[in-house]
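Asks: Chains as they are written, first to last, in the working numbering: chain A, 1 to 321; chain B, 1 to 252; chain C, 1 to 320.
Keep in mind the hints are simulated off the structure, nothing from the lab. One or more hints might be untrue.
Short derived list, chain A residues pointing at chain C, Cβ under 7 Å [unchecked claim]:
1. A193
2. D304
3. V310
4. L314
Sample of chain B residues at the chain C side, in silico, Cβ under 10 Å [unchecked claim]:
5. S67
6. D71
7. L72
8. L77
9. Q152
Beyond 12 Å from chain C on every Cβ pair, some chain A residues (computed) [to be verified]:
10. V159
11. V197
12. R224
13. T225
14. V231
15. V302
16. I303
17. G308
18. L315
Built from N, CA and C at the ideal position, the CB exists for glycine as well.
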Amino acid sequence: MLKSRGLRPIQVILILVALSAVSITLFMTVGAKGSWGFVLPFRGTKILSMVLVGYAIAVSTVLFQTVSHNRILTPSIMGFDALYILIQTGLIFLIGSGGVAMLDPCLLFACQVVLMIVFSGILYRWLFSGSSRSLHLLILVGIVFGVLFRSLSGFMQRVIDPNEFVVLQDRLFASFNNVDTSLLAVSAAAVLATSLVGWRFMHTYDVLALGRETSINLGVNHTRTVTIVLVLVAVLVSVSTALVGPVTFFGLLVASLAYQIAGSHKHALVLPVATLLAIVCLVGGQFVLERIFAFDTALSIVIDFVGGIVFLALLIRGNTR
Amino acid sequence: MIEICNVSKTLGDTIAVRGVSLQIPRKGVTSIIGPNGAGKSTLLSMVSRLLPMTAGTVTVDGLDVTSAPSDLLAKRLSILRQDNRISSRLTVRDLVEFGRYPYSKGRLTPEDREKAAAAIGFLDLEDLTERFLDELSGGQCQRAYVAMVLCQDTDYVLFDEPLNNFDMKHAVNMMKLLRRAADDLGKTVVLVLHDLNFASCYSDYIVAMRDGDVAHQGTPDEIMRREIIRSVYDMDVEIQDVRGRKITFYYT
Amino acid sequence: MKRLLLALFVVMILALVSLLIGAGDLSLASLLSSWPGENAMQVLLVSRIPRTVAIVLSGTGMAVAGMIMQMLTQNRFVEPSTAGTVESASLGLLVVTLVAPGVPPLVKMLVASAFALAGTALFLRILRLIPLRSALTVPLVGIMLGGIVSAVTTFFAYRFDLLQSLNAWTTGDFSGVLRGRYELLWVAFGLTVLAYLAADRLTLAGMGRDVATNLGLRYRSVVSLGLVIVSMVTAAVVATVGMMPFLGLIVPNVVSMMMGDNMRRSLPWIALLGAGLVLTCDIVGRVIYAPYEIPIGTVMGVVGSALFLALLLKGRERLA
């Protein structure tokens, strides 16, 4: 087990920074054939999207866990990314696939993000506002919502055009081996904007984590902050899902590890640790699988496998505060 | 007769029951008393083959409970444990009729139905027969379980704290009912009880357990004594004869 | 009894409707008239009847399997797709397709059953490890276990280019059902009948180990019997038509609310309602976007998860 009692926080972060730098360098250079002028930009965009995804997933998961006061809920377990895909499919369903092809992808993405904020806001505010919801009920409801969203998307995809839906699916729904780089710039902008907003509330996260009653008692405007955090989470999940598609357990994996390694509950520390861990896992994992084992799309499968086991272990140890 | 011979039970590092030997005679009411954690429930579970024993043997009318066929034993001995929580949605009638399972294996004969109806009547449940268990109060539920066990119609009936969930009136009714089962129907009733006065008033025989072993046994008159109760519970009580019964006072 | 006959009648009407709709022209008139009759009869015998029979058998089987699971775990939210059973069965199918592609379907099904059995047993084992489990942890563990198993399956399917077949097992689809390709489901039907014969034992097992033992039931052997039935039914259904999510969860819960859990009484209802629900979903899937058809797995995914959510959120006061 990773324990860093002896290390000071800054050392932990420095080590992780070094590790990410190493994995990025390895990913950029090893096995490169042909001119650097081609390889560097090609791999660079891949790296950039992975860094963005890692950042988005890590931050959204940690914040979501803070808001929901537990360490086992994550946006993807609660069906956020399935909701994004549903919205995406729903838009195509309404506009028609021909219309989508003509639309500017950035505009489309913006529409999806706005819809995502509205719907996730309504849905999850409603779920979390209940007085005594048991945690397990919430997770189960989230998972089933995920199934519902996925089935609904599948349903609409069939109705859009049963013959071409596979082609459509390939074009519209990204995965780790098929990163949708056309959205990179707008994604980066979205992430930057949310980070700026999120940064302003940095000091309240630690208080928020103490629970609703305590934080109200300490003078935090709980309802408003939770709403803002949910909006941030919605944007970040949209970004990561648009770039690489849904990754159910990655957030859980990174967040649990981050709390272990950081050995602290301060968000100023946990957030960067989680982000760096996410980058190391994604870039390093992709590098190892792709360059060493030559398994090019296995990363999300491996993540689901390991993440599922972590989740079960958390349940078995009763760590579901 | 139930013969318990050198029975022990270890759960992890702790010894719950250590080498108990005990004979429970046929007919009559036997109460087992003792402080929390004395091993009463564990002993009862082992006697009724619900819990395997670490060492020792238990025979019921000569049948070894660990080796005798389970369905044969189910016609000789029945047990009602505490905290019965059945998650299935069953009606009271369903539940009581399942008490006939050892005989009918699910194909109820008219005689089975009669016995079930009698047990339902015995416990005053006629108005509730078609209600589901999850719609009943704790006391009503407990009565339904007792009816089921009585419907099983075995010579030996074991109850682990049968008075749980009962108010005063139902508790007294229950004890009277068990007394009647012993006197009129010739059953052997074994109870784990926490209320010493109930044990004193309704039993023929009392077994006092402490630290996984039998500390004392005897008739109520022999057991309901100040020094014996003190040695079992580490607590001073006052015992008085009230209308020919030994009653303990420990409330103040 | 009267109500049961009425329900049977409704299911038979649904089955008739299911026989009459579809891509090829098939009406009662064309069946009865002489000259295109042969062709229509052919469609009926080769495709329509097998399809409708497959729907009825798999709907019945999965609903009953769900009920048995709920009895064995004493938990209302468990069914083959929330206990790792389905995912293990697909893993078994994948393994047998990789190792011995040529074996007959029955052997494939048996291998899948063995995997399903192992997966479900593992699920029960993990449950015992969890201290103080609430009613809702149980399906959660099952879904997670299913996720882990299916990650393994996807990995190998990807490595060996079998994602296409994997997809067929994971989403239910009756459009491929033809004469000669659905007969395994009769095995599932036989097991459903077996479950009815053992209904009393299974109900007793559902009352918990202690109560069952007290009544002279050999608890372990009944649990084993139940697990074998569930695994084989699941494997047969997954192998022939694929998965229908939450079917085995919705139907027993609805029936339980109506008439309780005495399986001797409720099992016929569960069977009928299961068949009726799948028939309805299949008809919807075929009609809504004719001439194309939406696979039953997708329709059931929408209907099943929506109903499951309703059950969860409606019953939450009781569960909390």
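Asks: Looking back at the numbered hints, which does the structure fail to meet, lowest number first?
Replies: The structure breaks hints 1, 3, 4, 5, 10, 15, 16, 17 and 18; every other hint is satisfied.
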